Each structure stands twice: as C-alpha cells, then as structure tokens.
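Trainee: Sequence:
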Amino acid sequence: MTDSPNSEAAGPFDIREFTRTAQGNFRADLDLTSYETHPLDAETLELVRYLSRLEAATMEHLRNLLVTATHKDARVTAFLVTWAFEKFWMADALDAVLGAHGLDRTRNVDEGPPRTGADEAIQRSGPIRRAIAAVGLGAPIVATHMTLGLVDEWILRAAYDHLRATTDSPALRDTIGRIQIIKQRHEAFFADETEWRLSDSKRAVRQTRAALATAAWPIGGVERAAADRDRFEAFVFSGSDGSARADDIGRRVASLPGMDARIGQTTAKKLTP
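Last residue of the sequence shown? That's 274 in our numbering, and every number before it is there in order.
Please note: incorrect hints may appear among the correct ones.
The following label-pair restraints were derived from C-beta to C-beta distances [what the hints assert, rightly or not]:
no. : residue 1 : residue 2 : range
1   : 227       : 203       : 33 to 43 Å
2   : 263       : 60        : 31 to 41 Å
3   : 235       : 39        : 22 to 32 Å
4   : 203       : 60        : 27 to 37 Å
5   : 33        : 245       : 29 to 39 Å
6   : 17        : 207       : 29 to 39 Å
7   : 204       : 32        : 17 to 27 Å
8   : 29        : 270       : 22 to 32 Å
9   : 35        : 203       : 38 to 48 Å
Just so you know, these hints were derived from the structure itself, not from any lab.
From a predicted model like this one, the values you see are computed outputs, not experimental measurements.
Ideal Cβ positions, reconstructed from N, Cα and C, are used throughout, including at glycine.
Work out the full structure: start from the sequences and follow the hints.
Mentor: Quick look at the structure:
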C-alpha cells in the first residue's frame with residue numbers, strides 16, 4: 002500500500018491534541034461543481050456510497066465496544082468519541098459527492114439483505130450478549146478492539162488508495178486525499194495502542210487471535226448489503242493486484258506482537274472474493 006499519505010506516527014500519540022484539533026464539517030472545501038461536467042460513473046458512485054456507509058457505521062461499532070472494559074479506559078474512550086465525530090464528517094463528505102450527482106443521502110437509501118455466514122452471525126451478537134461475554138475477558142479485550150480497529154484502517158486505506166489511483170476525477174482524488182489525511186491519525190492511534198497492549202499481555206494476544214479468526218471485514222460490513230460487500234471486495238481485492246493488497250495486510254497482521262503467518266493468512270483470505 003504505497004499510494005496513500007504517510008501514516009507513521011512521529012511519536013507517542015497526543016490524545017489531547019487530537020481531540021483539540023478534531024476535523025469537523027469540510028463540505029465547503031470540496032470541489033463539487035466539477036461533477037456537473039465530469040460526473041463519476043455508476044460503479045464509482047456505488048463504491049463511494051459503500052465507503053460512506055462504512056464511515057457512518059461508528060455507532061453500531063461503538064455500542065459493542067463500550068459495553069466492555071474498553072469504556073473504562075479514559076484515553077481510549079476520548080479517542081473513540083473524537084474518532085466517531087471525524088468519521089461522521091468523512092461520511093458526510095462522501096454523501097456530498099453523491100448529492101452533487103443528484104443522489105439521495107446514504108442514510109435515506111435502503112440496503113439489500115446482508116450476508117448470513119458463520120462469522121457474520123458471531124459479529125451480530127449485539128451489545129447485551131457482548132457485555133455478558135466480555136465479563137470474563139477483562140482489560141485485555143481493549144487490545145483486541147485496538148487491533149481490530151488497526152486492521153480495519155489498513156483495509157480502508159487499501160480501498161481509498163485503489164479508488165484514488167483508478168479514478169480519472171481530480172475532484173474525487175482531492176476528496177479522498179482529504180479523508181486520508183484525517184485517517185492518518187486514526188491509524189496512528191490504533192497502531193500505538195495495539196503494539197504496547199499486545200506486547201504487554203499474553204491474554205490479550207490469545208483473545209486477539211481468537212477475534213481475528215472470526216472477524217468479518219471491514220468493520221460494519223456485517224450489516225451492509227451482501228451485494229455491496231461483494232462489489233467492494235471485487236474492486237479492492239480481486240485479481241493479482243488485489244490479492245497482493247490482501248497479502249500485504251496479512252503480513253502486517255502477522256508482524257504484530259504475538260501474531261504469526263497463520264493468523265495473517267487467515268485475515269488475507271477473508272478479504273479476497
């Protein structure tokens with residue numbers, strides 16, 4: 002994944018600076034008028050809508066995280082609240098692109114039926130069941146949530162990179178670039194937290210390996226239409242180039258503390274159509 006802006010953290014993540022400088026509404030900065038003469042094709046618009054759905058799915062995700070020990074960590078909670086705020090406005094920016102084409106906001110467009118696989122059933126267990134299950138997991142579950150968040154950032158980075166590289170629309174490339182700059186800090190936080198938490202706890206490693214084995218990607222995808230997930234996977238991870246992107250993510254997973262090639266390969270396999 003070489004096409005996105007640099008996402009490496011320059012040092013320990015500054016949570017106060019992050020919350021102080023959170024990115025809000027940036028519709029006014031987008032070039033939307035150019036779509037009047039150079040509109041996006043239907044396939045690209047479908048991908049933009051799907052990315053909007055994923056960025057807007059934070060509340061579905063947070064309700065599952067914050068019924069566990071994760072909500073007791075003030076630093077993580079401060080990040081997640083700001084992260085959700087920024088993702089809301091990223092989804093809004095993508096909706097603005099759709100609106101410039103005369104299309105409805107994503108939240109007003111019905112979705113088709115989701116997938117019904119075994120991993121999807123596990124991920125749909127809901128906040129009550131997750132709260133009960135988390136009782137015996139304790140603080141190490143925070144490491145699991147951070148790792149899943151990091152892998153999800155890698156997946157979405159691959160998607161944005163590929164869309165940015167393949168579109169012939171300067172306006173869309175600029176919008177994606179703006180979103181990627183925002184997401185750099187998200188990835189940096191998840192990376193920092195994942196590294197030290199997995200290094201610090203063998204229980205965290207065991208729980209995270211188990212979670213990765215049953216994960217459904219991307220986060221929020223289990224509630225999305227099966228047809229949209231199929232389209233996303235085909236666009237990002239099909240063919241030799243797509244397989245290379247999936248394998249790269251798998252290698253990144255394998256390089257995390259306590260992980261190995263087997264769990265990395267499992268992750269990569271889940272990504273490819």
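Trainee: Decide, hint by hint, whether the structure agrees.
Mentor: Structure-based check of each hint:
no., hint, verdict
1, 227 with 203: 33 to 43 Å, "37 Å, holds"
2, 263 with 60: 31 to 41 Å, "33 Å, holds"
3, 235 with 39: 22 to 32 Å, "25 Å, holds"
4, 203 with 60: 27 to 37 Å, "33 Å, holds"
5, 33 with 245: 29 to 39 Å, "34 Å, holds"
6, 17 with 207: 29 to 39 Å, "33 Å, holds"
7, 204 with 32: 17 to 27 Å, "49 Å, violated"
8, 29 with 270: 22 to 32 Å, "42 Å, violated"
9, 35 with 203: 38 to 48 Å, "53 Å, violated"
Figure legend: structure checked against the earlier numbered hints; hints not met, in rising order: 7, 8 and 9.
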